[in-house]
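Trainee: Residue numbers (this note's numbering): 1011 to 1202.
A couple of the hints might just be wrong.
[To be verified] Restricting the straight-line Cα-Cα distance to at most 27 Å, the calculated cross-link-like pairs of lysine-lysine (DSSO-like) are:
id, residue 1, residue 2
1, Lys1129, Lys1039
2, Lys1078, Lys1061
3, Lys1039, Lys1078
4, Lys1132, Lys1061
[Unchecked claim] Beta-carbon label-pair distances, calculated as ranges:
id, residue 1, residue 2, range
5, Gly1055, Leu1122, 12 to 22 Å
6, Gly1195, Glu1103, 50 to 60 Å
7, Phe1189, Val1153, 28 to 38 Å
8, Asn1104, Glu1077, 48 to 58 Å
9, Phe1189, Asn1104, 23 to 33 Å
Everything labelled a hint here was simulated from the structure, so no lab data went into it. Virtual Cβ for every residue (Gly too), placed ideally from N, Cα, C.
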Amino acid sequence: MDQQFFREFFVGESDPLIQGEVAYKQSVKEFNPNSVLSRDYDLLGRVAELKLLTLTVESGLLEALEEKGITLGATEGLLPAIEKARLISGAVENGEFLNNFVGPLVVEPAPLLLPLVVKALKTDAGVFTAAGAAALLAEAGIVITQDNVALDVLAGVPLVGLGAVLLVAGNALSDLPGFINGLLGASPSRSS
């Protein structure tokens, strides 16, 4: 029964009322052939149009990563962990989703984000840790001094979220190779 539902809903093998995603995309393609749903995102074409490789070199990102200990030699030890975590095979299995959804989200804002990433990498990790602690302390101050649950929640969501992100960023930037190795469960490799 589950396979039948899957085929009916997601593949479009059903009565006209439940046509599924395939039929929906086909109808959008008939209505507007140049729609985002009816064409594949030209990932490599957009990278070339935006000159992202040149921008990456000119932005100083590679030097900033090298200063943090991330070099091609250092990343070599990550390759077995990446394969063990099935990141490559997972990317192959979800290629269409990555190309048409994740690709535009990464590529299109990249010219604006590259300088920010470089500045973040060059910023001392203590700045992020201090800012994260300040955000958490601000939320604690609101909870302690105010007797308003709505304010606690409204202020708490962004302040606790921001504090957590900044604390993780500070931790990651203090030892970037170790942080990446820890995420992937790889053994540290600092060869250059």
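Trainee: Taking the hints in turn, state whether each one holds.
Mentor: Comparing the hints with the structure gives:
Proximity of Lys1129 to Lys1039 is assessed by CA-CA distance (about 42 Å); at most 27 Å being required, the pair is judged violated. Only pairs whose Cα atoms come within 27 Å are accepted, and Lys1078 paired with Lys1061 is accepted, the gap being roughly 25 Å. Proximity of Lys1039 to Lys1078 is assessed by CA-CA distance (about 47 Å); at most 27 Å being required, the pair is judged violated. Simply put, Lys1132 and Lys1061 have alpha-carbon atoms about 23 Å apart, close enough for the 27 Å limit, and the pair holds.
Hint check: Gly1055 to Leu1122, Cβ distance near 19 Å, so the stated range 12 to 22 Å holds. Between Gly1195 and Glu1103 the Cβ separation comes to about 21 Å, which falls outside the hinted range of 50 to 60 Å. Between Phe1189 and Val1153 the Cβ separation comes to about 30 Å, which falls inside the hinted range of 28 to 38 Å. In this structure the supplied range 48 to 58 Å is violated for Asn1104 paired with Glu1077, their Cβ-Cβ distance being about 33 Å.
Between Phe1189 and Asn1104 the Cβ separation comes to about 25 Å, which falls inside the hinted range of 23 to 33 Å.
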